[in-house]
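Going down the list, the sequences are from chains A and B.
Reminder that position 50 of the first sequence reads as 51 in this note's numbering, one-by-one numbering, no gaps.
Reminder that position 156 of the second sequence reads as 1508 in this note's numbering, one-by-one numbering, no gaps.
Selected chain B positions facing chain A (Cβ under 10 Å, derived; list incomplete):
id: 1; residue: GLY1366
id: 2; residue: ALA1390
id: 3; residue: LEU1392
id: 4; residue: PRO1417
id: 5; residue: ASN1473
id: 6; residue: PHE1517
Quick list of the computed label-pair ranges, beta carbon to beta carbon:
id: 7; chain 1: B; residue 1: GLU1597; chain 2: A; residue 2: GLU55; range: 36 to 42 Å
id: 8; chain 1: A; residue 1: GLU55; chain 2: B; residue 2: ARG1756; range: 26 to 32 Å
id: 9; chain 1: B; residue 1: ILE1690; chain 2: A; residue 2: LYS29; range: 39 to 45 Å
id: 10; chain 1: B; residue 1: PRO1753; chain 2: A; residue 2: LYS56; range: 31 to 37 Å
id: 11; chain 1: B; residue 1: ASP1683; chain 2: A; residue 2: GLN182; range: 22 to 28 Å
The set of hints was computed from the structure by calculation and includes no laboratory data.
Quick caveat, the model's predicted, so the values are computed rather than measured.
Ideal Cβ positions, reconstructed from N, Cα and C, are used throughout, including at glycine.
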Amino acid sequence: MKEQKLKIAIISLTGCEGCCFAILDWPKKFLALRTKIEIKNFRLFEEDVHFNAEKFDIAFIEGSPLTKADVDRLKDVRQNSKTLIALGSCADLGGIYHLKKYQDKNKIFDHIYRGEAVADNFDVLAVSELVKVDYVIPGCPITADEFFNFVYQLLIGKSPIIKQNPVCYECQVRGFECVLQNNELCLGPITQGGCEAICLKSKQGCWGCRGLVEDAEVDNLIKKLKEKRSEKEIMKALEVFGIKEQINV
Amino acid sequence: MKTIEINHIAKTEGHLSFVGALIDADFAEARIETEEGARLIEGIMLGRKFFEAPIITARICGICPIVHNLTSIKALEQALNIKVTPEIIVLRKMLINAQWIHSHALHAFFLSFPDLVGISNNFDFVKKYPKEVETALELRDWGVQISRIIGGRTVHPINSVVGGFNVEPDFAELNELMKSNKKVLDQAGRLFDFAVKQKLPKFERPTNYVSLKTKGEYAIYDGKVLFSDNNSLDNAENFIQGVSELVMPNEKVKRVQHLNRSFMVGALARLNNNFNELNPTAKQCFKKLKIKLPCYNSFYNIFAQILEVVHCVEETSKLFVEYCVLRENKDFHKKLKISFKPNPGRGYALMEAPRGVLLHDYELDREGNIIHCNIITPTAMFLSNLEQDLGKYLLEIKNKPAERQKQLIKTLIRAYDPCISCATH
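Kindly produce the complete structure, drawing on both the sequences and the hints.
Have a look at this one:
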């Protein structure tokens, strides 16, 4: 009897679709998947749309639910999928676009459209604020490595886990120069690793796109940062990818 | 009155639908309805620090983050009175060329080309043309790797910042990659030959092609603005003043006009305006198209993109040679990053993104906070032109079977390579 292939959906809500491109940056691995799984709704790859209660084993959700169609699609997919995975920082934490919440959304909407447009103006929410999320692949963008590991683990029926190391640990292991010691802002000590401290490799302090690591010593870091930085500056950095909401400061 | 609707067109960046109506025998109307939510990037930037802008605006688009990042940086450098070095500029140009290669290779071969051979699912496309697909992927990967080495990551660059680059790109790795440039150029040429065997639909509508123009170079990083309809050259400032953004009812994407007229930007516009500056191999390839310029058939945007890939591979090799020479200079490392102090000011920049002219415009206060931000993307610029093309094309194909009409409309829309994520931002 022919083995039933796992049915996987990749759904893009509003966003930059950068996580999809991150997957496509390893095209051979991606194409090799099709022998094991059936990929549906990957809109960069096929024309047909499979909604309306089609059943999936796993659904990856990328982007933010920022239109009514986005929200409807998300709910429909949740109802019809055994496992739902938030793919990337937008789906996980609201991503960069959630910075909208620090502005008066109606005021900036009218500013951009000169008060002439009539269109919806949703709040930016994490996917988990609307539906149950089973797993998260963090990052802005995700790393293709983690995506494929997730798929392989699920294929053999295992529960994938993301190791809880801070970015700071991965940075030190690789011997990158510590930007914190140069008085720059870096959230590496409290941010979940797995990114191989890629920003630090380019001497860019971590802004926490992968969210808070377990048992993060937030107070310690803030105390350290306050030696050289104003409270306002630190809060602004915590806002960018949504860490501020996670620690409720 | 007959209407045609196509909902949720796939294989484009971002979400869109099409609505067309044949009003009478000589008149049809066509509209693109965009379906991305309101992220309001220009609004969320207000009150934030200038150095956040290149990082935040890169997230407008996952397929062309490099050009958003760099255009933002260039605009901010103007506002902050920073003069960058030739070392920085050459690396930036390599990055943009790499961006074009991977954006075009993805669009031309995987989003548009399947239309020309009548395949709707790319997994079927991969099965039918395994050899060509592999070559296209390798070619794209070459661009992706250059972006990674210079920009620090493939999607959403890290290393390029206001004032230059944080660290020197790994030279050994870059050098190793550049050794394969002849093979890659050959691959690009072969893919071009393969692609242009396909027939493009017949269509013509003269329009105003707008692109950057620089003497002695296929303009990519800066230049004046060339308008093809009256062959006039204007500086960036006048172009920006002549541009208006029209707000449409129930639409989050504004339609952009220049002096109240629609215009076309992107690969075909650049080919029409800058043909003489193409590198030799691309010029040789062009002959095989057997067309005359200016080309008024928008479907040719697909071939123009593949031709640009050929050009960019050669250009990247030239830039790398230039970079190697600069690298020998004394104090080379100091020239990769310029130090500066925040000051109040206004700055704007134009750059050629894969899809055409991109504008970023900022105003900063004395602490370096952003107090104004405006971004006009190529897709917003060409959307009116696409709608006018679609209106004319609808009349020309009105006697074809309904399904065929829909397929041709989607083919034309995708040939433009619209990025609705960018256009909405």
